[in-house]
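Peer 1: In the order they appear, the protein sequences are chains L and F.
Straight run, no breaks: the first sequence in this note's numbering ends on number 385.
Straight run, no breaks: the second sequence in this note's numbering ends on number 144.
It cannot be assumed that every hint is accurate.
What the hints assert, rightly or not - Derived lysine-lysine pairs resembling DSS-like cross-links, with alpha carbons at most 27 Å apart:
#, chain 1, residue 1, chain 2, residue 2
1, L, Lys143, L, Lys188
2, L, Lys364, L, Lys384
3, L, Lys116, F, Lys39
4, L, Lys34, F, Lys65
5, F, Lys65, L, Lys364
6, F, Lys65, L, Lys177
7, F, Lys65, L, Lys355
8, L, Lys308, L, Lys364
9, F, Lys116, L, Lys364
10, L, Lys34, F, Lys39
11, L, Lys308, L, Lys147
12, L, Lys177, L, Lys188
13, L, Lys384, L, Lys34
14, L, Lys188, L, Lys34
15, L, Lys188, L, Lys270
16, L, Lys177, L, Lys147
17, L, Lys364, L, Lys116
18, F, Lys39, L, Lys384
19, L, Lys177, L, Lys143
Said to hold, decoys possible - Output of the computed footprint for chain L on chain F, the stretches with three or more beta carbons under 8 Å from beta carbons of chain L:
#, stretch
20, 4-12
21, 74-86
22, 94-106
23, 112-124
No wet-lab data here; the hints were simulated from the structure.
Computed from a prediction, not measured in an experiment: that's the story for all the values here.
Ideal Cβ placement from N, Cα and C applies to all residues, glycine included.
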Amino acid sequence: MNPVFDHILAMVVVSVMFISAVVILPQMNAGNFKAVEQQQLRNIALNLFNAMLLDTGYPVDWGSRVNRTFYFYPSVVERFGLASYMDPTLYVLDPDKVQRLNIYNPLGYLPYEYLKSILNLQGYGFSFRLVPPFNVTNVDGTKIDEKHTPLSYVDSTTLKYALKVVHLDGRPIPNAKVEGFIFYSKGKDFSLGPLSPTVTNASGICSQIIRLNLSSPDYVMVILRISVADVAAILVTMGRDASVYVADINVVGDTVVLTKAKNPSNEDVKIVSIYVYTTDGETVSLYNGTKDDHFNTGKSPRFALWNKTFDGLRDLNPAILIFDFSAVEGGRREIVVAGPYKNLLSYNVFEYGGKVPVGSGAVKLQRNVLIENMIYTAELWVWKE
Amino acid sequence: MRVVETILASIVIMVTLTFVNSVVIPPYSPRYEATELEKLGYNVLHNLEARGILTRYVYDPDIAKGQSLLRSALMVSLPSDVYFNLTIYRLDEYGGLHMEGQNIFYGDPEAFQNPKLVSTVTYVLASSGDYYDPRILVLQLARR
């Protein structure tokens, strides 16, 4: 063959190969590039999740009283981690730190963007969730909230609750143990008592009649502990939520802090007594108020209305604090208010961070964690922004 | 001749690149998923042991009742899309392994057919009290 044609043909073949390589190979590799990117994302997610769940962060008690104040300032956090510094067991989270992820925490929270900056996560987004081990709903499947309460009056001295316990995928859980305590008030009287333990039926439904000592109470608070093979969830349910105009209850370490209500009623409120409902299902009388234990719901110059430290409170594993207040509402009367975890560490899914974008190839990791001796599934979603 | 050499060289390069593409493991491959499930399995057993639940049910004198409760505990502790198959072995004084009770199973048996999609966790409990009486827990996990 003529060497000229030989060279021309060689150049044509090489050109075709080159063009093919430029056009086709990136297409062929696109899937792998994406896969490598996903793997990098997975590594980032795994490191982030380990840092969140296994590291205490610095200072180790950053969620508690740092610089002798229970008000939280994000700048306190030098290194982020949610692990408890008092318990060396893996995957035990510090409830004080978890509370600082609640954007409705009146004593301050850690903003998502600030946390991303101290984690050096620029260009990435994440969402952290705490999922309860199972769901507790009304019998018709609706979510339990203030407007859809499982409580109903049979007559003036008889109350009834009815609820349904289901797995997270909706299958009913039979034989779930339901126990609890009721706190209620009428005028200047206050009463409390345990509920008889019962179990759910084959459809996961359970109902019970409660006899009351006070007729037609003004305020009723029923705290239920639902357990499946000793894995428990706690449900606070009430007839009327008085916290919106009396006070919000907060716990920081061993200190109980009352903060301004959403709609303060500008009235003098006395603390009559405080009870603790523990994660083990026990009720402990914590404190009886004195003449000094009172506050005005609206006139305090500071956000905190009242605070008191109870040594060893955290060791009790408090799930709920129940306050018996004496307030002026059409004459002085007793009012029952519960807190602080009713919106955080109970049967609700707790979410912190960004919204997971649809179709973004976000990576999801799951671990089992303990908070206040209760089991939750922690989920972390990470994506590239 | 040079044309043939060029074409051959180019084909070799293309084949190499295609081969490299085929051996890369994408992140959603069963191998990564199995590793992730393994971590989750250890984590769940560890937390159940930390709360005293695992020891109480594994050493329950009423084996059937203990295993039924352990099944419920695993069902609520693991994510709802994870299937499991737990086998408990007792070690006798001669080092022989004996299966205790029945398999504690939840899910679709077909999910456990492909070994690449199944992760296995082995967890050892030393005793329920003062004397050495080990139980070996073999937990198999598969995603729905």
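Peer 1: Please work out if L/Lys384 and L/Lys34 have their alpha carbons no farther apart than 27 Å.
Peer 2: 12 Å, holds
Peer 1: Is the straight-line distance between the alpha-carbon of L/Lys308 and that of L/Lys364 27 Å or less?
Peer 2: 41 Å, violated
Peer 1: Take a quick look at whether L/Lys308 and L/Lys147 sit within 27 Å of each other, Cα to Cα.
Peer 2: The given pair, whose Cα atoms are some 32 Å apart, is violated under the 27 Å limit.
Peer 1: Does L/Lys116 lie within 27 Å of L/Lys364 when you go C-alpha to C-alpha?
Peer 2: Holds, at about 18 Å.
Peer 1: Can you confirm whether the C-alpha distance between L/Lys116 and F/Lys39 stays at or below 27 Å?
Peer 2: Measuring from Cα to Cα gives roughly 25 Å; hence the hint holds.
Peer 1: Is the straight-line distance between the alpha-carbon of L/Lys177 and that of L/Lys143 27 Å or less?
Peer 2: 20 Å, holds
Peer 1: Is the straight-line distance between the alpha-carbon of L/Lys177 and that of L/Lys188 27 Å or less?
Peer 2: 34 Å, violated
Peer 1: State whether the coverage of the stretch 112-124 of chain F by chain L holds or is violated, taking the criterion as 3 or more residues with Cβ-Cβ distances under 8 Å.
Peer 2: violated (count 0)
Peer 1: Given the hinted pair L/Lys188 and L/Lys270, is their alpha-carbon gap at most 27 Å?
Peer 2: This hinted pair holds, its Cα atoms lying about 12 Å apart.
Peer 1: Are L/Lys364 and L/Lys384 close enough, with their CA atoms no more than 27 Å apart?
Peer 2: 13 Å, holds
Peer 1: Hint check: F/Lys65 vs L/Lys177, CA-CA at most 27 Å. Holds or violated?
Peer 2: Holds: F/Lys65 and L/Lys177 sit about 15 Å apart, inside 27 Å.
Peer 1: Does L/Lys143 pair with L/Lys188 here, judged by a C-alpha cut-off of 27 Å?
Peer 2: 33 Å, violated
Consistency with the previously given hints fails for numbers 1, 4, 5, 7, 8, 11, 12, 14, 22, 23, ordered from lowest to highest.
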